Amino acid sequence: MIRRGVSSAEDARRFMHPDENALFDPFLLPDMKKAAERIQCAIDAKERICVFGDYDADGVCSTAMLVKRLRMMGADVDYYIPQRHSEGYGMSLSAVRLLHERGIQLIITVDNGVSAYDEIALCGALGIDVVVTDHHSVGKTLPDCFAMVAASRKDATYPNRYLCGAGVALKLIQAINGGAYSDEELALAAVATIADVVPLTGENRAIVTLGMRGMQSIPGLSALLKAAGFQPPHVDEMTVSFMIAPRLNAAGRMASASEAVDLLLSQTGERADGIAAALNEYNQKRRDTENEILEEAERQLAEEEQGGHAVLLMHESWNPGVIGIVASRLCERLHLPVILFAEQNGVLTGSGRSIDGVDLFENLSFFSHMFIRFGGHARAAGVTIAKENYDAFKRLFKEHIEATYRPRDFYPSFAYDEIIALSDLTTTMVQGFKQLSPYGEGNPEPIFRLNNVRFASLRTIGKDDKHFCASVVQQDQVMRVVAFGKSELLEPLNTAADWDLLARPSINAYRGNESVELFWICANASEEKVTFFNAFFENRLYNEDCSKERVAEWYCSKHAWHPAEWNDSSMRKHYRTLRSAIGEGGANLCSLIRSLKREELLALCVFAQLSFFTFESETGMLLQRCGCVSRTLNESSLYRLVNETKEA
Numbered sequence: 001m002i003r004r005g006v007s008s009a010e011d012a013r014r015f016m017h018p019d020e021n022a023l024f025d026p027f028l029l030p031d032m033k034k035a036a037e038r039i040q041c042a043i044d045a046k047e048r049i050c051v052f053g054d055y056d057a058d059g060v061c062s063t064a065m066l067v068k069r070l071r072m073m074g075a076d077v078d079y080y081i082p083q084r085h086s087e088g089y090g091m092s093l094s095a096v097r098l099l100h101e102r103g104i105q106l107i108i109t110v111d112n113g114v115s116a117y118d119e120i121a122l123c124g125a126l127g128i129d130v131v132v133t134d135h136h137s138v139g140k141t142l143p144d145c146f147a148m149v150a151a152s153r154k155d156a157t158y159p160n161r162y163l164c165g166a167g168v169a170l171k172l173i174q175a176i177n178g179g180a181y182s183d184e185e186l187a188l189a190a191v192a193t194i195a196d197v198v199p200l201t202g203e204n205r206a207i208v209t210l211g212m213r214g215m216q217s218i219p220g221l222s223a224l225l226k227a228a229g230f231q232p233p234h235v236d237e238m239t240v241s242f243m244i245a246p247r248l249n250a251a252g253r254m255a256s257a258s259e260a261v262d263l264l265l266s267q268t269g270e271r272a273d274g275i276a277a278a279l280n281e282y283n284q285k286r287r288d289t290e291n292e293i294l295e296e297a298e299r300q301l302a303e304e305e306q307g308g309h310a311v312l313l314m315h316e317s318w319n320p321g322v323i324g325i326v327a328s329r330l331c332e333r334l335h336l337p338v339i340l341f342a343e344q345n346g347v348l349t350g351s352g353r354s355i356d357g358v359d360l361f362e363n364l365s366f367f368s369h370m371f372i373r374f375g376g377h378a379r380a381a382g383v384t385i386a387k388e389n390y391d392a393f394k395r396l397f398k399e400h401i402e403a404t405y406r407p408r409d410f411y412p413s414f415a416y417d418e419i420i421a422l423s424d425l426t427t428t429m430v431q432g433f434k435q436l437s438p439y440g441e442g443n444p445e446p447i448f449r450l451n452n453v454r455f456a457s458l459r460t461i462g463k464d465d466k467h468f469c470a471s472v473v474q475q476d477q478v479m480r481v482v483a484f485g486k487s488e489l490l491e492p493l494n495t496a497a498d499w500d501l502l503a504r505p506s507i508n509a510y511r512g513n514e515s516v517e518l519f520w521i522c523a524n525a526s527e528e529k530v531t532f533f534n535a536f537f538e539n540r541l542y543n544e545d546c547s548k549e550r551v552a553e554w555y556c557s558k559h560a561w562h563p564a565e566w567n568d569s570s571m572r573k574h575y576r577t578l579r580s581a582i583g584e585g586g587a588n589l590c591s592l593i594r595s596l597k598r599e600e601l602l603a604l605c606v607f608a609q610l611s612f613f614t615f616e617s618e619t620g621m622l623l624q625r626c627g628c629v630s631r632t633l634n635e636s637s638l639y640r641l642v643n644e645t646k647e648a
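Residue numbers (our numbering): 1 to 648.
No wet-lab data here; the hints were simulated from the structure. Every value quoted in this text rests on a predicted model; they were computed, and no experiment measured them. Don't take each hint at face value.
[To be verified] Restraint ranges, calculated between C-beta atoms of paired labels, are given here: (1) R640 - F519: 39 to 49 Å; (2) E388 - N634: 44 to 54 Å; (3) I372 - N634: 47 to 57 Å; (4) E514 - E488: 28 to 38 Å.
[As the list claims (entries may be wrong)] With a straight-line Cα cutoff of 30 Å, these simulated BS3-like cross-link-like pairs (lysine-lysine) come out: (5) K33 - K68; (6) K387 - K140; (7) K398 - K140; (8) K573 - K486; (9) K226 - K434; (10) K486 - K466; (11) K597 - K463; (12) K398 - K597; (13) K486 - K463; (14) K140 - K34; (15) K486 - K398; (16) K226 - K68; (17) K394 - K573; (18) K154 - K398; (19) K466 - K597; (20) K285 - K226; (21) K466 - K434; (22) K466 - K573; (23) K34 - K154; (24) K434 - K398; (25) K33 - K46; (26) K398 - K226.
Beta carbons: idealized from backbone N, C-alpha and C, even for Gly.
When you get a sec, could you build the whole thing from the sequences and use the hints?
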């Protein structure tokens, strides 16, 4: 709890048992008083109001809760959510004109609007007032709207800068309803807070903790869980993340997000059941489409050999509603910012994801003059760009990333809470962790480091053998570990000796018997590997600590390494990988040793022996050497020795 900012008994009480006192005064948000007064005026004057939403789970929840509240207050209100495939994100000029034709006099945006400069200007020209409620990053200037309610404003003093769109909508509801809100509104704000992956700390943690209690009483959410074949005794954050949010999102990705809004507005189980069944079907289609796009993206990656520290890919037939999920998967696997583009109405729609420390919105802002529109935040962003500008943007963006960041900024790193022994992980301890939930961004589940473990009884599990389970062995203790989507690790885990494992413990209740099992986060060969190879570079090639003979023995004997390809072609591929990993500015040797695969590390030793790379012992940096003379692999005594050892 200390690592989560809890430093006193009162902090611990508020953290473990958040209540309504954790919700801040809505009028602390900028322009909230103006917004509330304008909305009340519109209700009293019977003006036509439109809630302009977004097509993701956050936007859908925001739209449903605000529309329902305004109708309860007697407002003449409808909603509009753009079609993802034909209109794209946010307000558009065509949508504004359509709403004007319908007689709309006030637009309230939810989960969008901070970057709708031209659209809001058109609203002003047509006599439509706009109240923006949003949470996305704001630009250098604000649109000329009636009110801009956003905690992300640079002049905002609201204590919680990480409200999601529905969180802001909840505050607006409080402002127009005398500070009150319903259990249903709080529940929908909780769904959106989890789905939009904002930090689950402070006020957001209170929204989620209190809101989860009322989720199953909402006909639409109850029907959605039933359609998914999952009716738990209670809803938690995992239920929302893996059952509810994907199905709400699927409507906007595969069809129309309006169906998801209608689901949440449904008052009867019969109507909700029909819509929920359709959303469940959309979600299955989304999964199939996602796998097809991922396969094509991986094919492009293999063929293009992009290099650098950013990935930009495009395909005319990709579904714009699904590319963001695939970008997220690639970003997680490659640990690089990834933007995927799909063609849509003659322009390219891009969806990007990024890593900690590489602010995607900020970096895209340098190229805003090239975009038709763009928006987002540090970890996720969307752009629309003319097709003829794509190649230039791709080149300039990649150059910008290379010039702005160092190679070490892209090394994968994982935080953990403590180094612990297997013997410490008792069922009592792990059950106690439940008091720290709900988990999510800003409050991750406890992760522990287990040093010097071995793996036994490894086998693939699941459909297509994409996952694996194994026994983790540490001294005389044994525990089961499950790794999702990591079956490619079986071969190195089978051959290496000791590993340092990061894992998340959980309780497995099977036939009434409870036991602790581990969920895989990552593993590195034990620090022995770093010490061993660091000696190779620090003492050059011939020393008692780590000679070329010891390197060959380490690979071929200790780890039973038998490369299928140990030739010019494979070494050229390794060389390109190493150049990319080291970069023009060099790389920290210890970090590099930890991150490289075994065959890449051996190739690094060979190329260092050939003077393609040089090590600076004063700084601990490995650098590329300029103006290398052409060399052959056989000039490396290590390369020859490994081949001889392998053949023997």
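Structure-based check of each hint:
1. R640 - F519: 39 to 49 Å: 43 Å, holds
2. E388 - N634: 44 to 54 Å: 49 Å, holds
3. I372 - N634: 47 to 57 Å: 55 Å, holds
4. E514 - E488: 28 to 38 Å: Check passed, 31 Å falls within 28 to 38 Å.
5. K33 - K68: 21 Å, holds
6. K387 - K140: 26 Å, holds
7. K398 - K140: 24 Å, holds
8. K573 - K486: 23 Å, holds
9. K226 - K434: Answer holds: K226 to K434 is near 26 Å, not above 30 Å.
10. K486 - K466: Given that 30 Å is the threshold and the Cα spacing comes to 6 Å, the pair holds.
11. K597 - K463: 26 Å, holds
12. K398 - K597: Holds: K398 and K597 sit about 25 Å apart, inside 30 Å.
13. K486 - K463: 13 Å, holds
14. K140 - K34: 22 Å, holds
15. K486 - K398: Holds - the C-alpha atoms of K398 and K486 are around 29 Å apart, at most 30 Å.
16. K226 - K68: Distance ~23 Å between K226 and K68 Cα, so the pair holds.
17. K394 - K573: Status holds; Cα separation ~23 Å.
18. K154 - K398: Holds, because 28 Å separates the two Cα atoms, which is no more than 30 Å.
19. K466 - K597: Given pair K466, K597 holds - Cα atoms ~20 Å apart, limit 30 Å.
20. K285 - K226: The hint holds at about 18 Å.
21. K466 - K434: 29 Å, holds
22. K466 - K573: Holds, because 25 Å separates the two Cα atoms, which is no more than 30 Å.
23. K34 - K154: 18 Å, holds
24. K434 - K398: 43 Å, violated
25. K33 - K46: 20 Å, holds
26. K398 - K226: Roughly 46 Å between the alpha carbons, so the hint for K398 and K226 is violated.
Going down the numbered hints, you'll see the structure goes against 24, 26, while the others check out.
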